[in-house]
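K.L.:
Those sequence lines, one after another, are chains A and B.
Numbering follows UniProt numbering, with no gaps: position 236 of the first sequence is 236.
Numbering follows UniProt numbering, with no gaps: position 143 of the second sequence is 143.
Hint data in this document are derived by calculation from the structure and do not stem from the laboratory.
You may find that some hints are simply not true.
Simulated crosslink set (BS3-like; lysine-lysine; CA at most 27 Å straight-line) [claimed, not checked]: (1) Lys244/A with Lys129/B; (2) Lys244/A with Lys135/B; (3) Lys6/A with Lys193/B; (4) Lys163/B with Lys275/A; (5) Lys101/B with Lys6/A; (6) Lys130/A with Lys241/B; (7) Lys130/A with Lys37/B; (8) Lys5/B with Lys190/A; (9) Lys129/B with Lys213/A; (10) Lys55/A with Lys244/A; (11) Lys65/B with Lys241/B; (12) Lys101/B with Lys3/A; (13) Lys223/B with Lys135/B; (14) Lys7/A with Lys103/B; (15) Lys46/A with Lys129/B; (16) Lys60/A with Lys140/A; (17) Lys55/A with Lys129/B; (18) Lys190/A with Lys178/A; (19) Lys241/B with Lys244/A; (20) Lys229/A with Lys241/B; (21) Lys178/A with Lys5/B; (22) Lys103/B with Lys3/A; (23) Lys163/B with Lys3/A; (24) Lys140/A with Lys241/B; (25) Lys103/B with Lys46/A; (26) Lys103/B with Lys6/A; (27) Lys163/B with Lys6/A; (28) Lys229/A with Lys213/A; (29) Lys60/A with Lys46/A; (30) Lys163/B with Lys7/A; (31) Lys101/B with Lys7/A; (32) Lys275/A with Lys190/A; (33) Lys193/B with Lys7/A.
Here the structure is a predicted model, which is why all the values come from computation and not from measurement.
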Amino acid sequence: MDKNLKKYFPIFVLPTLLAFFIAFVIPFIMGVYLSFCDFTTVTNAKWVGIDNYIKAFTNKEFLNALWFTIRFAVVAVISVNVFGFLLALLLTRGIRGTNVFRTVFFMPNLIGGIVLGYIWQSMINGVLAKYQVTMLMDAKYGFWGLVILMNWQLIGYIMIIYIAGLQNISPDLMEAAKIDGATSWQALIKIKIPMVMPSITICLFLTIANSFKMFDQNLALTAGGPSNKTTMMALDIYNTFYGKVGFEGVGQAKAVVFFVIVAIIGISQVVLSRKKEVES
Amino acid sequence: MKKQKAADTGILCLLIVLVIAFITPIFFVLMNSFKGKLYISENPFSFPRGELFAGITNYTEGIRKTGFFQAFGYSAFITVFSVFAIVLFTSMTAWYITRVKNKLSSVLYYTFVFSMIVPFQMIMFTMSKLADTLKLNNPLGMVVLYLGFGAGLSVFMFCGFVKSIPLDIEEAAMIDGCTPIQTYFQIVFPILKPTAITVAILNAMWVWNDYLLPYLVIGVSTKYKTIPVVVQYLMGSYGAKDYGSLMALLVLSIIPIIIFYLFCQKYIIEGVVAGAVKG
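Isolated chain A (complex conformation):
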């Protein structure tokens, strides 16, 4: 079977592989190389060593964006997971109409980032107008605007994953706890939460990765304003590439740093969930 199939490489693999080289492999290798170069178009690259990286790490806007992203991620990850888990608890009690609620809570997740950003920009500016301010007057409005937007978008998604986890707990276990006289609080702390630990790991990493990679929502909601105080990492990289000529190399170096951060998050998720699988 192996030998017979092997000849069919051009039909089965080549189309995907060609597209994969054009859209990923070549741009990735070029990207790593160009992060050590000075260039404006790809063809006039000149090797400058780690110069771009030094410029990136001494660039105030980049450090601000990094710090803003971390603060945003902490608040967003905690709030999305807490609210998502609470909703999942409410929706696994067998109340009538559970499906309708589930449908509504999940819906914002399907709307794209640009559209989401403008929906909330007009909403928040509408509310703030009562106090004679706009979102671009103070960075704190943009920060909390992004947190609210992120919650609206992701709570339903996270909730669905927690619901799947909660429904996997065997009813016998809950029954046994009840017979032993456990209160519902004890059942939650001692049984439900430990049993959904795998879902918690998935949701935590999902929200962390989403927070770090956020771009569309950031662009549409505040576009980084006021004066780049609400710019997140992805948007800062974009601005470095396309905002001013001559900084393409620095932009590419920032992109590599960004990639390394996102990769560390992704790899630690794999390592952590592998370890759990071995233990259980």
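Chain A is fixed; fit chain B onto it per the hints.
P.N.:
Chain B in isolation, oriented as in the chain A frame:
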């Protein structure tokens, strides 16, 4: 028992309040889309009654300014063909690299997995330059780029499923004289269908909503703009912002998504959960 019932009624009320809070932003946009554009910032929370009511002028204006229906057409074209190409080609690739065990297959597999953790910003500059050089700055070229950049997750998900299919079925087909192509399309692909639906939904959501890739590759000066690109184009350009047109465009962009959601709800929710758990 009575206590339980009272608690349930309380929770039901709480959920209803939450649902209202959840749909408020959409209702807000819908309401304002029928208001005269000057009133949107003045009276954002009042109903479009009396002099505030503007009929469908925001819609006609928004559609005229952005060529919304054309953008809808290009979005639909790119999404449908990209999803079709991704499902077809990546499932074939996944089957091949799972069944043919050699060095090349495992190198390919790990490269695909690796590509899943690379954020788009890492390659956006070089990819758009390469796409320009190769003349991929058109809807068909976008399909190639989506196939390439989406291959990682899709190949990974198909591989996971192919591994669980027993070899006997395929071997029996081959002994009966099927070529690999016949075996694949008549035996393997029908078994892969559940994963194919998941992969199709995840990629459809991504491609339909994607902004940066079409913006960088196709740009705003051609006629091939997609929906997210025209929405950003309307608001991102300098000059007076037309919030009336924006509200109408937001409503028009949400409607197809809600219709799609209502029809394929079960598959979408299952697909997204499966994608999250495996990815």
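K.L.:
Please work out if Lys6/A and Lys193/B have their alpha carbons no farther apart than 27 Å.
P.N.:
holds (24 Å)
K.L.:
Sort out whether Lys244/A lies within 27 Å of Lys241/B, counting only the CA atoms.
P.N.:
holds (24 Å)
K.L.:
Taking only the CA atoms, is the gap from Lys163/B to Lys275/A under or equal to 27 Å?
P.N.:
Distance ~22 Å between Lys163/B and Lys275/A Cα, so the pair holds.
K.L.:
Lys46/A and Lys129/B were given as a pair; does the straight-line alpha-carbon distance stay at or below 27 Å?
P.N.:
Status holds; Cα separation ~17 Å.
K.L.:
Mind checking the alpha carbons of Lys5/B and Lys190/A for me, to see if they're no more than 27 Å apart?
P.N.:
holds (25 Å)
K.L.:
Check the hint pairing Lys190/A with Lys178/A against an upper bound of 27 Å on the C-alpha distance.
P.N.:
Roughly 12 Å between the alpha carbons, so the hint for Lys190/A and Lys178/A holds.
K.L.:
Does the structure keep Lys7/A and Lys103/B at a Cα separation of 27 Å or less?
P.N.:
Answer holds: Lys7/A to Lys103/B is near 15 Å, not above 27 Å.
K.L.:
Are the Cα positions of Lys129/B and Lys213/A separated by 27 Å at most?
P.N.:
Between Lys129/B and Lys213/A the Cα gap is close to 22 Å, so the pair holds against 27 Å.
K.L.:
CA of Lys103/B to CA of Lys6/A, is that 27 Å or under?
P.N.:
holds (13 Å)
K.L.:
Assess, step by step, whether the Cα of Lys275/A is no farther than 27 Å from the Cα of Lys190/A, and give holds or violated.
P.N.:
holds (21 Å)
K.L.:
Within 27 Å, alpha carbon to alpha carbon, are Lys244/A and Lys129/B?
P.N.:
Between Lys244/A and Lys129/B the Cα gap is close to 17 Å, so the pair holds against 27 Å.
K.L.:
Need the status of pair Lys223/B, Lys135/B: alpha-carbon distance at most 27 Å?
P.N.:
holds (16 Å)
Consistency with the previously given hints fails for number 25 only.
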